[in-house]
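Colleague: Read top to bottom, the protein sequences are chains A and B. FYI, in the numbering used here the residues of the first sequence are 1 to 475. FYI, in the numbering used here the residues of the second sequence are 1001 to 1356.
Hints are computed from structural coordinates only; laboratory data are not their basis. Take the hints with a grain of salt, since some may be wrong.
What the hints assert, rightly or not - Stretch-level coverage of chain A by chain B, calculated; a stretch enters the list once three of its residues show a Cβ under 8 Å from a Cβ in chain B: (1) 194-204; (2) 220-228.
Claimed, not checked - Pair by pair, the computed Cβ-Cβ distance ranges are: (3) A:G372 - B:A1016: 51 to 59 Å; (4) A:Q247 - B:F1164: 44 to 52 Å; (5) B:V1147 - A:H78: 44 to 52 Å; (6) B:R1195 - A:K445: 26 to 34 Å; (7) A:A323 - B:F1164: 55 to 63 Å; (8) B:T1308 - A:P339: 13 to 21 Å; (9) A:T422 - B:V1147: 51 to 59 Å; (10) A:Q275 - B:F1164: 53 to 61 Å; (11) A:P339 - B:V1147: 38 to 46 Å.
What the hints assert, rightly or not - To be clear about the criterion: a stretch of chain A counts as covered by chain B if any three or more of its residues have a C-beta under 8 Å from a C-beta of chain B, and this derived list gives those stretches: (12) 132-143; (13) 364-376.
Every residue, glycine too, gets a C-beta built ideally from N, C-alpha and C.
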Amino acid sequence: MTYVRKRGRRFWLPAGIGALAAAAALAAAFAASAVGKTSAATPIKIGILSDCQGAFGAFYDTDIGGALAALAQYTGGHLKNPNKPSAGFVGGTVAGHPIQIVGFGCSNDRADTAIKETKRLVEQLGADILIGPLSGDEAIAVANYAKSHPTKTFINGTAASQDPTLQIAPKNFFRYNGDGAQWNAGAGDLAYKKLGWRKAAIIMDDYSFAWTSGAGLIADFCAVGGQITKRVFPPLNTTDYSSYVRQLPAPDKVDGYFWVVGGTGTVPSLKAFEQAYGPLSAKNVMGNLFFEVTGNFEQIAPHVSGAYVGGFGTPGTDYHSAAATAYFKNVAKYIKSIPPFGKTSIPEVYGGFFYNYYKAAWALSLALKATGGDLSGGQKALQAALAKVVLNGPFGTVKLDANRQAIEDEWSYQIIAKPGQTLVKTVQWIPKVNQTFGGTFAASKPPPSRTFPPCTKRALPWSGKERPVVNGVIK
Amino acid sequence: MTALERLGWKRLLNWALAFVGVLLAGLGPVIFSAFFAHTILTQVFWLGIAACSLIFLSAYVGMVSLAQVSMYGIAGFVLGNTVTQGQVKGLHLGYDPWVGILITIAVTTVIGLLLGAISSRSAGIYFLMITLAFAVLANTFFGQVTVLSGFSGIGNIQSFTPGFLGNPAENPNRLYYLAFVVSIVVYVLCRYLTRTPFGLTLQGIRDDPVRMGSLGFNVPLHRSIAFGFAAFLASIAGILFVWWNGQIAPGSIDLSAVIDLLVVAVIGGLFRLEGAWLGALVFVVISNYVRSVPGLGHIGITAERYHTVIGVIFLVIVLLSPGGLLGIWEWLQNQLDRAVLRPAVARPAPAEGPEP
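Can you make the complete structure from the sequences, with help from the hints?
Modeller: Below is the structure:
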């Protein structure tokens, strides 16, 4: 060893060791603080799990904001920072029990991370109730976790894969939003009747939510006689879609494309298609909810203004009703802006990311009130109350089926971006869609996948019951 | 020599500390909180076994392999596919758990042997690249081949464990003790192996493969077998991992998991087997508790940036001591020796290779 290097070590090594020792001591102190932590009986501890990274990381504060807005409205608290929901929540109480948000989980649409965050919130931070997650595969993992932890309660955030409430369906997992297939009820029908498609191809992210969402479009379209000629599956979080769009048939071989690519992938995949085959038009593309979410809408709508879009369980931004206006006003009272989208706006608050978390926290508040905040006996009373909750929401009534899955009204949209008119136009309303999608899906059948459901003609319960929506009013 | 030196006080101290550590770990579920024992320490045990497979290869065979995560991932996927049944993703073959375990270990070891055979003639950066390519391949494979897994992965594996273990979600202590005992067995096995003729041959190959080749040893064969052995160790880690986690998905073995395991090994000490578990402990504790440290939010370490803290600590350790934490510990012991016990006599700098 050289003299210079030796001298360097004599100073830096003890300094570094000191720093490491301090860090280790700190970590040990926190570990020790976990020792013998007793959960006080009085506060009701809630954890909220969403995505802060990955394809849907932009919706972190939107999701948390939705849940906290409902808690603020129904338990009397308020946000620590009305311009940043993830800063926290104080002041709520139910029947004398203070509401304590133990933490916000930060996941990245992957099952593993969701489980890590769930364990952190439930086991380390002591949450009694978890609201979340955001993404389909995370919910499958959380539902499996819920099955082994029956004394805790799990209320879905906005995840919409089918499995958690049909194939897994634990008794302590509740979902107050439709799954991806339910949301698309009526959309395939629009493609057949309004756009005149007979043969279509579908491109969907290769994971459970997109399969479920695509399944709804396929089942709806094929039920009335349409044919799906090709299914293409880019992996989630793909950045370069060029090889995947090339697998789609050329525009002269099909009448249209169902586009079920979401999050950060929607716009790049559409751009890749246009580079390969030329511009898309409103006549030959139909998206799922990701065409109209804030962030994507601004880029997609000007290109394909007039395109039809599958639903998100809520109407478009042109919907009018006294209840909807009251809902928006209440939310705006508690939350002034939602990063990174800016000032609290109707597109944000009407969107499913916000509203589904809002419904989850709202249902929880109602159930807690009904049981007087009683979490004893393995939370049996709370879970029984949650199963019976009926939400008379601004966009329709939501109640749960026998698997604790929402039965709700669904909507279809058209995205409009012409000079002088930018909106998500509501075009169709379908009442009371349930998860079996008219018998297409069942617990004994496999969950949606690359190959399921097949393209079959069948009678759907809402054929003929869809009602058009004109200027934001159901006709 | 002083009396202390004759006794080998450093060795005594190390053994004493190891004994205390093992004792604390043995009493883990009793003295620590349920979360710390079941979520932190059990993870430390299986992660330590995986890191031990990496350190065995790097310390005793001179090969730094980035494929160990894929090995334990493959083990987890094979176990998931063979033992689960019902409405889960994957093949859901529903075999008996013990049959599943045997198949898992066999398949993973064979894959390790094959990968070792492919890469045994390369060294240094080229070997690293081959193992990295394999890691990316395994991750993509399980994401794309949806009949075996898909993006969602395979869940509910906890319901299909051997009888004596039960469901780890309901009986976490059993898995804790199993992982603890298996860690000790793996450590002892590795230490024993390094003293056998085979182990000594591997170390010779590490130090000078050309000379060993000219002495008549089949260098690629020995490397392949070492790789197979490391895959065997990793398969044990993988089995414990899926029992602990309950599920496995391609995200469990992506590039960040590969880097995490390397970080664990380097933090602990890339040339010491004990470093595997020490590195795993430091890594898991910091990853879990760094977000609870007050004030970090004010300097921008928000929820999604805790990896920054881990990265900084990793950098500090690597810059200060290539031997990791155990290297620092040895340095401390030597400084103590020099300052207190034999201050007047100049001593040669300690060697930084692994001890035989």
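Colleague: All the hints need checking, so say for each whether the structure fits it.
Modeller: Structure-based check of each hint:
1. With a cut-off of 8 Å between beta carbons, the segment 194-204 of chain A has 0 residues touching chain B; three or more are needed, and the interface restraint is violated.
2. Only residues whose beta carbon comes within less than 8 Å of a beta carbon in chain B count, and the segment 220-228 of chain A has 0; fewer than three means the coverage is violated.
3. For A:G372 and B:A1016, the hinted distance range of 51 to 59 Å is satisfied, since their beta carbons lie about 56 Å from each other.
4. Judged by the Cβ atoms, the range 44 to 52 Å given for A:Q247 and B:F1164 holds: they are separated by roughly 49 Å.
5. A C-beta distance of roughly 50 Å is found between B:V1147 and A:H78, which places it inside the suggested range of 44 to 52 Å.
6. A hinted range of 26 to 34 Å for the beta carbons of B:R1195 and A:K445 is inconsistent with their spacing of about 58 Å.
7. Hint check: A:A323 to B:F1164, Cβ distance near 57 Å, so the stated range 55 to 63 Å holds.
8. Hint check: B:T1308 to A:P339, Cβ distance near 20 Å, so the stated range 13 to 21 Å holds.
9. The hinted range of 51 to 59 Å is not satisfied by A:T422 and B:V1147, whose Cβ atoms lie roughly 44 Å apart.
10. Range check, A:Q275 to B:F1164: about 59 Å between beta-carbon atoms, so the 53 to 61 Å window is met.
11. Distance hint check for A:P339 and B:V1147: the Cβ-Cβ separation is about 41 Å, which falls inside the suggested range of 38 to 46 Å.
12. Residue count for the segment 132-143 of chain A with a Cβ under 8 Å from a Cβ of chain B: 4. That meets the three needed, and the coverage hint holds.
13. Judged by the Cβ-Cβ criterion of 8 Å, the segment 364-376 of chain A is not covered by chain B as claimed, because only 0 of its residues qualify and three are needed.
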